[in-house]
Each structure stands twice: as structure tokens, then as C-alpha cells.
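Trainee: Given next are the chains, with one letter for each unit.
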Amino acid sequence: MDYFLIVPFTLLAALFVFGGLAASFLVAPHRPGKVKNSPYECGEKTIGTSWVQFNVGYYLFALMFLVFDVEAAFLYPWALVFREFGAVALIEAGIFILVLIAGFIYAWKKGALEWV
Amino acid sequence: MDSANLLTAVAAAEPNAKPREKADRAAVQVPVGNFSALMKRLRNDSAFAFDMLCDHTAIDWSEQGSFELVYQLYSTVHGHYLMVTTSVPRVNPIVPTVREYWRIAEFQEREVYDMFGVLYDGHPDLRRLFLEDDWKGFPLRKDYKDEFMLERPE
Amino acid sequence: MGIITEKLPCYIEPIPGGSLLLTSMDAVINWSRANSLWPLTFGTSCCAIEMMMATGAPRHDTSRFGAEVARPSPRQADLLVIAGTIVRRMAPRLKTLYEQMGEPRYVMATGSCAISGGPFMYNSYSTIRGADEIIPVDVYVPGCPPRAEAFFYGLLTLQKLIKEGETVRKPGVRRKPVLSALPPGITLDQIRAEMATVLKSDAIVNVEQAAKKLEKESQDGQCESADGCCCSRT
Amino acid sequence: MSVHITTLDDRVRLRKDDSSPLSTQEYFVNMGPQHPSTHGVLRLVLKLDGETVREVIPVLGYIHRGIEKMGEHQSYRQFVHLSDRLDYLSALINNWAVSMTIEKAANIELNDRIQVIRTLMAELQRIQSHQLWWGVFGMDLGAFTPFLYGFRDREIIADIFEETVGARLTMNYIQPGGLMYDIHPGFVKRVKAFLKYFKPKLAEYETLLSGNVILQERLRGVGRMDGQTALSIGATGPVLRASGVPLDLRKSEAYGSYGKVAFDVVVGKNGDCWDRYWVRLEEMRQSMKIVEQLIDNIPEGKHMVMKPAVKIKLPEGSYYNQVETARGILGVYIVSDGKESPYRVHLRTPNFNNLWAITETAANWRLGDLVAILSSLDVVVPDIDR
Chain V
745 MDYFLIVPFT
755 LLAALFVFGG
765 LAASFLVAPH
775 RPGKVKNSPY
785 ECGEKTIGTS
795 WVQFNVGYYL
805 FALMFLVFDV
815 EAAFLYPWAL
825 VFREFGAVAL
835 IEAGIFILVL
845 IAGFIYAWKK
855 GALEWV
Chain R
46 MDSANLLTAV
56 AAAEPNAKPR
66 EKADRAAVQV
76 PVGNFSALMK
86 RLRNDSAFAF
96 DMLCDHTAID
106 WSEQGSFELV
116 YQLYSTVHGH
126 YLMVTTSVPR
136 VNPIVPTVRE
146 YWRIAEFQER
156 EVYDMFGVLY
166 DGHPDLRRLF
176 LEDDWKGFPL
186 RKDYKDEFML
196 ERPE
Chain U
164 MGIITEKLPC
174 YIEPIPGGSL
184 LLTSMDAVIN
194 WSRANSLWPL
204 TFGTSCCAIE
214 MMMATGAPRH
224 DTSRFGAEVA
234 RPSPRQADLL
244 VIAGTIVRRM
254 APRLKTLYEQ
264 MGEPRYVMAT
274 GSCAISGGPF
284 MYNSYSTIRG
294 ADEIIPVDVY
304 VPGCPPRAEA
314 FFYGLLTLQK
324 LIKEGETVRK
334 PGVRRKPVLS
344 ALPPGITLDQ
354 IRAEMATVLK
364 SDAIVNVEQA
374 AKKLEKESQD
384 GQCESADGCC
394 CSRT
Chain Z
428 MSVHITTLDD
438 RVRLRKDDSS
448 PLSTQEYFVN
458 MGPQHPSTHG
468 VLRLVLKLDG
478 ETVREVIPVL
488 GYIHRGIEKM
498 GEHQSYRQFV
508 HLSDRLDYLS
518 ALINNWAVSM
528 TIEKAANIEL
538 NDRIQVIRTL
548 MAELQRIQSH
558 QLWWGVFGMD
568 LGAFTPFLYG
578 FRDREIIADI
588 FEETVGARLT
598 MNYIQPGGLM
608 YDIHPGFVKR
618 VKAFLKYFKP
628 KLAEYETLLS
638 GNVILQERLR
648 GVGRMDGQTA
658 LSIGATGPVL
668 RASGVPLDLR
678 KSEAYGSYGK
688 VAFDVVVGKN
698 GDCWDRYWVR
708 LEEMRQSMKI
718 VEQLIDNIPE
728 GKHMVMKPAV
738 KIKLPEGSYY
748 NQVETARGIL
758 GVYIVSDGKE
768 SPYRVHLRTP
778 NFNNLWAITE
788 TAANWRLGDL
798 VAILSSLDVV
808 VPDIDR
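Protein chains in written order, with the numbering used here: chain V, 745 to 860; chain R, 46 to 199; chain U, 164 to 397; chain Z, 428 to 813.
Chain V extracted, bound-state conformation (with noise of 0.2 Å):
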């Protein structure tokens, strides 16, 4: 019963989000215009495309980051109770890390943490 608390919190977090957007939705004038809809470019109009190939290293990059930032994810919940598990839940969270390490040395060698 005592997750309760995290209905009140998930309310306030969306109140939050969607009461700001509600605001300016019920409040803000609305007038799309030709040039308004026109991207921004320091007043400039734009030259060419912006559809081009670039460096796939910015790709995978990103996701890297999104690998260890779930790791991360992942690691928190497991810090709050391994204490009462003792050392299977240390060894089993030790196995997580280290596989993902080594992933991270494979990705580091095969060069995709060069920048261009």
C-alpha cells in the first residue's frame, strides 16, 4: 500500500507538462502566417537542402550514450535493495556491468568513439 505515494506524484508531474501547454493553448492567439511558418535562419531564407548525408559517427554516438544511460536506469532501482539480497546481488549486478563494458571496449576499439 505504500506505493500510493506515486499516484499524487505521476498527477503533479502531468499537471505540470499539460497544464502549461494547456495554458498557452486555451490563452495564446493563434495565427499561423506564410513567413511565421518559414524555418528561422537569422532572418536569412535558407540555401540548398538540409537533407544531406553526414558522418554516421554522430549515429552511433547516440547511441552509445542511450546503452549506458538505460544501464544507468537500471543500476538505481538495484542500489536501493541490494543490501537485503548481500552478495548475489552484488555478483549478479557485477556480471551486468561487465558485460557492458565490454561492449563498450569493442565499440571503443573498432573506432567508434573517433570524432570527425
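Treat the hints as calculated values from the structure; they're not laboratory data.
Where hints are given, some of them may not hold.
[Stated by the list, open to error] Pulled from the structure, derived: some chain Z residues nowhere near chain V, Cβ distances all over 12 Å: (1) D436; (2) T451; (3) P463; (4) R470; (5) E633.
[Stated by the list, open to error] Derived DEER-like restraints, expressed as beta-carbon distance ranges: (6) V/V751 <-> U/S199: 28 to 38 Å; (7) U/E266 <-> R/D166: 22 to 32 Å; (8) Z/L622 <-> U/Y285: 36 to 46 Å; (9) R/A54 <-> Z/S447: 52 to 62 Å; (10) U/A190 <-> V/F805: 49 to 59 Å; (11) V/A816 <-> Z/N791: 30 to 40 Å; (12) U/E266 <-> R/E192: 32 to 42 Å; (13) Z/V439 <-> R/P60: 41 to 51 Å; (14) V/P821 <-> Z/I641: 47 to 57 Å; (15) Z/G569 <-> V/L807: 21 to 31 Å; (16) U/K258 <-> Z/R440: 20 to 30 Å.
[What the hints assert, rightly or not] Listed next, the in silico DSS-like pairs over lysine-lysine satisfying Cα-Cα at most 25 Å (straight line): (17) V/K778 <-> U/K323; (18) R/K181 <-> V/K789; (19) U/K170 <-> V/K780; (20) Z/K696 <-> Z/K678; (21) R/K187 <-> R/K67; (22) Z/K716 <-> V/K789; (23) Z/K623 <-> Z/K696; (24) R/K67 <-> Z/K628; (25) Z/K734 <-> Z/K716; (26) V/K778 <-> U/K170; (27) R/K190 <-> Z/K766; (28) Z/K616 <-> Z/K628; (29) R/K67 <-> Z/K740; (30) Z/K716 <-> Z/K687; (31) U/K170 <-> V/K789; (32) R/K187 <-> Z/K734; (33) Z/K531 <-> Z/K687; (34) Z/K531 <-> Z/K696; (35) Z/K531 <-> Z/K740; (36) Z/K623 <-> Z/K687; (37) Z/K716 <-> Z/K616; (38) U/K258 <-> R/K181; (39) Z/K766 <-> Z/K628; (40) Z/K738 <-> R/K67.
Note that this is a predicted model, so its numbers are computed, not measured.
Note that CB positions come from ideal geometry on N, CA and C, so glycine has one too.
Position chains R, U and Z relative to chain V; hints supplied.
Mentor: Relative to the frame of chain V, chains R, U and Z by itself:
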């Protein structure tokens, strides 16, 4: 060296370079024909070593019907100044560019083209510097008429 | 869609007490808009330095008036401060920037270049004589460059205009004439009359005569310098 | 050789040279007229490859007011106030440049008091200009605190100027034939108080920003420009001295009363952003040294050698004179035909040449480094467009 023997040295280097009077420093006037040769010598000859083009601009002598192009040179080695001028007719003003001697000349020449309409032979990227590309006329000419410009009421 | 601002008023107004609800809603919305004007950093020449000193610098600071967050992009700004000269090549860009700002947007022309072309009014083939030839301007702050205090006075005038001039149905304050910003009890004709006399009497500003007049006043003790010390320019 | 006039559109066009379908393509981005880090309306068309800048094409004219055309319709005395609006961060030195050209042409003799006050004012304006540059340089590299420190100390000099000149930014103080007003009685006291206040503050600047490892990492070796390139694009002032060329008009021409004071020209070694940064900080110290030597013995005398109402007419001829402003050499070129207003006025502005250093040094650096290079050149845009 001071301006006196600088003038004689330049006269020796370039026979038909006459000193330009009414100037506050050593000044030389050169016909357009051998203008580029003189500039090359002034830049590369170690006696002159003018490694800095301080300023390049043009004067519109509308009565005489000619543009006078003024180049202010300075040498950081010897520390002396020289003003080189050449004049071209107002109708079809073409002058050889001095871009390969001083890199800044490319942009100063673009400004003079933009303001006076002087064409530079051999300039890699000659276009207007300040005004829109489709601007009619050259503003700094004495006979430039523009209805947008407001005269000061006497 | 701004349901409250567009759709609702015509339903609420007829019912009794509806207009009271509308005006109180006006007051709340205008109060919130007036006190959080985010200026767009748009400095072209010398006034930009004075604007930087006014908005960001430690001595004069606009965060007291809620206008401290200077946004570089027009999408997040609602006050366009024109600080500097507008030339013919910049005019279309200025118009694009103005149109790319979200409604309700306000324009403050600071400096005599933005008001009337300033020192570049005559004999210049490329200076626009006044930014109001391109975009509608709400508040004019004279000066070359205007001091930071003049900028604050312009800001306060704009805030007063927003709070009293705007209704929900028709945003934008341009309808109310700027004269409402005049100090109470002074009308435009008084100003015109006084200007006419001043221009006629001392057409040529004589430096020595002005200095002597200033000296006479400081002898009578009416010196009102900023930091209190009695400054008499000898 | 032919004369071929191009336009911006075909200058800004991608050459089709993608050798293999896998190679990354380049694209154009406008670092346009309204941009927080261009300090004014300078538009740089950047040819980018991912995040790396391949080429920078500056596009100017967004603040071109035609000052040279206006100069032909104004008398000599009226032209001085236009020189404030060029490089408004060294307004007093610009006034001095125009006034000195006119005085040399009409050979007006000045007494010592005027020369010393002019030198004092010029050096204070140089310190003030470097303070603003230091503040905005920190802000461009992402540190907001230097902006506040720099402007806080800048206001003190603005008070000194306001008390004597009456204006904070556009001074119109140094006129041909002397000064508009004599210095205010409180001037010497305030300047001494400022010197005592600012010396430890400059050391504070060093610890706050120079010692910062991130800043060193972002500046050392970035945007390197050697002496020869700097000379060929005509860069002057701190940008040229940072590349190792010791050209300082205050030393070589010794105009005003620079001949009577001891100061040394600050020269950098390898012309990268760090040297340009370090040279300006050191120049602030030198300027303070000059002010210290001059502030105690300001000679007596009149502040105006010529009645202000006297019409100035220059004899026929062309006059060119250069002065060292905070950003480089400002040359004023006046061609007079004996009338009251000049036949032709041309201003050789320092920022015009310093700007083109960006095209020399910014290739193959990343976008963040481009901002650092541009800000280290300390470019004021109305000075370029005039």
C-alpha cells in the same frame, strides 16, 4: 629610407612613374600599362619590401573624366610609406588586380567596384561587397542620382 | 486556437456579469504578459552596446522589470528591441524576424536611428529613415544612444500600455495612441508650442552662454546631479 | 585575363564532387545577420561538413550607411561626430584620427595639454574597449560571469568619460584644434581611484578565466595565423601583434605624447586564439602604465587652440593619416579641393582587415572553435560596413 631617395629609387625602377604632387607623403603616379609590373617590384624587391597594403580606394575626378586609384603601401621592414596612384577613364575602367601580391586587395577591390564600378582584370570573385547584387548604379560616383537620398534642406 | 480568447467572449458577454469576467481575465492575462517581456537580441550598431549595458550588465539591470531573459531566437521572444540603424539591406530581414515572432509581439525602437534615421538621415543612400516604415512600432525611446534609464522608461511605458491598452479579443496595443505615456496634465499641443518657441529663440547653441547660464543656476543652489554632489562645471 | 562579375548565389553553390556515394555531403548554413555571437549584423555563410567548417564566406552590407558619401556633404568639423559611429568602442580614438588628419593638413599647432589629455583619453578608451571584449569573449565561450565582471569595471570608465565629455558611448570630444571641453576638476581624482581599483581586478580576471583549463583547451592552438598571412590580409592591432609582428603605431609614429611615456609593445608568438587573448590582457596593463605616467603631470594651457566657430578649409591635396585604435590601424584619407567640405573621404578601418582573418584561419575547425576564433578577432561590424 626617407621619401626623397625613395622617390628616386622608384623612378629608377620604373622609368615612366612620375611623382604625384599635392600629396602629404612620397607619392608616385603610374600609367595603367606598367602598373602591375611596378606593384610586383614594390612587393618582392627587397630594397622596397612593401609587405603591407594599408589602403586601396578610388577618387572620382568627374571633371577630368577619370577615376584615380590610390594604393597606400607600408613596409614593416624599412618602415617607410609610399602612395601609388594610377588613373583610368570613367567610361570603361579596367585595372589589373594586385590580389596575388596582397591578399586583402581582393576585398578592397570588391569595395571599390561596389562603390565606383571599377572593373578588376583577373579578380577571382568580383561582386558587390556591401550593396545588394541587383543594386542599380554606383553610389560614390559624383553623378549618382538616387530618389531615396534626402538632401539637407538649406 | 486560443479558445478562451477567440471563441468564448461572444458567449460570455451577453450573460449577466459576463463582461466583468472578461475584463478580469483581460487584467490577469495582460498583467502576466506585461511583466514577462522577453527581449530579442537585435542590436545593429552603437545602441546595441547601451542595450547590453541596460539588459545584462550589473549596474543597470532589467530583471527588476521582468525583461532580463534576452532570447536570440524570435520564436521565444515577444519584445523586439530595435537598437541601431536599419539599412535598406537589413529591412527585409527585419520584417522576416518580426513576422517570425509569436503573437502578441511588441516593438520598441530605441535610439534616434531607429526612430528617424538619426545622424544618417540626410545624404545617405541606404539608411531607412525610421523603423516604423517597415514594421509597426509601439514605443520610441529617443537618444543617441539612449541611456539605460531611458530604456527602462520606455519599458515601463510599454508595460503600462499593455496593462491598460489591450483587450483579449484584440491583442496588440497599437490602437491606443502612444500619447497615453505622456506625464499627466501635459498635452501634445503644449509640447508643439514650446518646441516652436525654443527653436526660434536659441537657433544657434552658444557654448559659452550656455555655460554661464549653468553657472548662474549652480550659484543659486539648484544643482541636481545624479549622485548628490553639487556639480558646477567651471 | 577576363573581367567576370559573379553574384552571391553562384558563389554559394555546391560543386557536385561526391566521389563515392558513401562520402558525407556538405551543406550551407547562415550564421546570419541576427546572431548572438556575431556582435552586430555580420552574416557568415558557412559551408559545413557535419560539424566541421569547410569554408567561411562573409556577406557584409547589413549596416552599410554610406558614411563616405555623407562625408562629402558635411564640413570637416561635422564629420568628426560620424567617426564615433564607426567603431563605437574606440570612439575617442576615431575622433583623434579624424582631427589629427585635419590638423596636419591645415597645420594647426597644438599645445602639450591637449596632446596629454588626448593620450590619456585614448588609453582609457582602449582599456574600456578591451574590458568589453574580455566580457563578451567569456560569454561567447559559454562563461557568463566574465560578462558581468567586464561590464561592471567598464561602467567606472564610462562615469569618468561622462563627467568630462558628457556622453557614455559616442563622445565627439576631440575636435580639430583641441578639445570640446577642458577636463572636469574631479577627473584626475577619479582616474587615480580607477587605477587603484582596477589593478587587482585585472589579476582577478586572470584567475577567473585565464587559469581555466577548459578555456586553455579551447584556445591554445586554435585558429593559428602566422605573421606573413596576417600581413598579407593587412590585419593590424592585437590580431597582428599576436602573430608575432611588432607593428604598433604608438611606438613607430609616436604621435600625441606617446613619445614621452615608457611602455612596451606586447607581441605574441604563434598567433592562435590564446595569443590574441593574452595580448589584449597584457595591453590593458600597458595602457594603465601609460595613464599612470601621464595622470600626474598634465601641463597647463588652453583646451582649444582655435575658436570653435572658425570655418576649416584645407588646402588642395590628399592627406592620409593613421592612428592605432583598440582594434588596429584606423587610416583617414581626405582629398580636398579647397572647399569647405572634403572632395572625398575614405576610412581605412581596422575591423575590415581583421575580419578576413576568419577566412584564413577557420577552415577545418569545428563550429564551436569558429565562434572562438571570430570572438578572438574582436570584430565590430559597423566599422566594416561604414
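Trainee: Decide, hint by hint, whether the structure agrees.
Mentor: Hints, verified against the model:
Residue-level check failed: Z/D436 sits 9 Å from the nearest beta carbon of chain V, not beyond 12 Å. For Z/T451, the non-interface assignment is contradicted: its Cβ lies about 5 Å from the closest Cβ of chain V, within the 12 Å cut-off. Against chain V, the non-interface label of Z/P463 is violated: not every CB pair exceeds 12 Å, the least being about 10 Å. A beta-carbon of chain V is positioned within 12 Å of the beta-carbon of Z/R470; the least distance is around 7 Å.
Even its closest Cβ contact with chain V, about 31 Å, leaves Z/E633 beyond 12 Å, as expected for a residue assigned away from the interface. For the pair V/V751 and U/S199, the supplied restraint of 28 to 38 Å holds, since their beta-carbon distance comes to about 33 Å. In this structure, U/E266 and R/D166 break the distance hint of 22 to 32 Å, their C-beta atoms being roughly 54 Å apart. Between Z/L622 and U/Y285, the C-beta spacing of about 42 Å keeps the proposed range 36 to 46 Å intact.
At roughly 57 Å, the beta-carbon separation of R/A54 and Z/S447 lies within the given 52 to 62 Å, and the hint holds. About 51 Å separates the C-beta atoms of U/A190 and V/F805, a value consistent with the hinted range of 49 to 59 Å. Distance hint check for V/A816 and Z/N791: the Cβ-Cβ separation is about 35 Å, which falls inside the suggested range of 30 to 40 Å. Distance hint check for U/E266 and R/E192: the Cβ-Cβ separation is about 36 Å, which falls inside the suggested range of 32 to 42 Å.
Taken as a hint, the range 41 to 51 Å holds for the pair Z/V439 and R/P60, whose Cβ atoms sit roughly 45 Å apart. About 35 Å separates the C-beta atoms of V/P821 and Z/I641, a value inconsistent with the hinted range of 47 to 57 Å. One distance hint, 21 to 31 Å for the beta-carbon pair Z/G569 and V/L807, holds here, with the actual separation near 27 Å. At about 26 Å, the beta-carbon gap between U/K258 and Z/R440 stays in the expected band of 20 to 30 Å.
With a C-alpha separation of about 32 Å, the suggested pairing of V/K778 with U/K323 is violated against the 25 Å cut-off. Pair hint R/K181 plus V/K789 holds up; C-alpha atoms about 23 Å apart against a cutoff of 25 Å. Taking the CA atoms of U/K170 and V/K780, the gap is near 23 Å; set against the 25 Å cutoff, the hint holds. Taken as a hint, the Z/K696 and Z/K678 pair is honoured in the structure, with Cα atoms around 19 Å apart against an allowance of 25 Å.
Under the criterion of a C-alpha separation no larger than 25 Å, the hint pairing R/K187 with R/K67 is consistent with the structure, at around 21 Å. Note on Z/K716 and V/K789: the hinted pairing is violated, with a Cα-Cα distance of about 50 Å set against a maximum of 25 Å. Distance check on the hinted pair: Z/K623 and Z/K696 sit about 31 Å apart at the alpha-carbon level, beyond 25 Å; violated. Annotation: proposed proximity of R/K67 to Z/K628 is violated, straight-line Cα distance about 50 Å (limit 25 Å).
For the hint linking Z/K734 to Z/K716, the alpha-carbon distance of about 34 Å lies beyond 25 Å, and the restraint is violated. At most 25 Å may separate the alpha-carbon atoms for a hinted pair to count; V/K778 and U/K170 meet this at roughly 24 Å. This hinted pair checks out: R/K190 and Z/K766 have alpha carbons roughly 22 Å apart, not beyond 25 Å. Between Z/K616 and Z/K628, the direct Cα distance comes to roughly 19 Å. Compliance with the 25 Å bound is thereby established for this hinted pair.
With a C-alpha separation of about 15 Å, the suggested pair R/K67 and Z/K740 falls inside the 25 Å cut-off, and the hint holds. Simply put, Z/K716 and Z/K687 have alpha-carbon atoms about 12 Å apart, close enough for the 25 Å limit, and the pair holds. Note on U/K170 and V/K789: the hinted pairing is violated, with a Cα-Cα distance of about 35 Å set against a maximum of 25 Å. For the hint linking R/K187 to Z/K734, the alpha-carbon distance of about 32 Å lies beyond 25 Å, and the restraint is violated.
For the hint pairing Z/K531 with Z/K687, the CA-to-CA distance comes to about 20 Å; that is within 25 Å, so the pair holds. For the proposed pair Z/K531 and Z/K696, the alpha carbon gap of about 36 Å is over 25 Å, so the pair is violated. Distance check on the hinted pair: Z/K531 and Z/K740 sit about 12 Å apart at the alpha-carbon level, within 25 Å; holds. Distance hint between Z/K623 and Z/K687 is fulfilled; the C-alpha atoms sit about 23 Å from each other, no more than 25 Å.
For the hint pairing Z/K716 with Z/K616, the CA-to-CA distance comes to about 17 Å; that is within 25 Å, so the pair holds. Our distance criterion of 25 Å between C-alpha atoms is met by U/K258 and R/K181, whose separation comes to about 23 Å. In summary, the hint linking Z/K766 to Z/K628 is not supported, as the alpha carbons are separated by about 50 Å, beyond the 25 Å threshold. The suggested pairing of Z/K738 with R/K67 holds, with an alpha-carbon distance near 22 Å, which does not exceed 25 Å.
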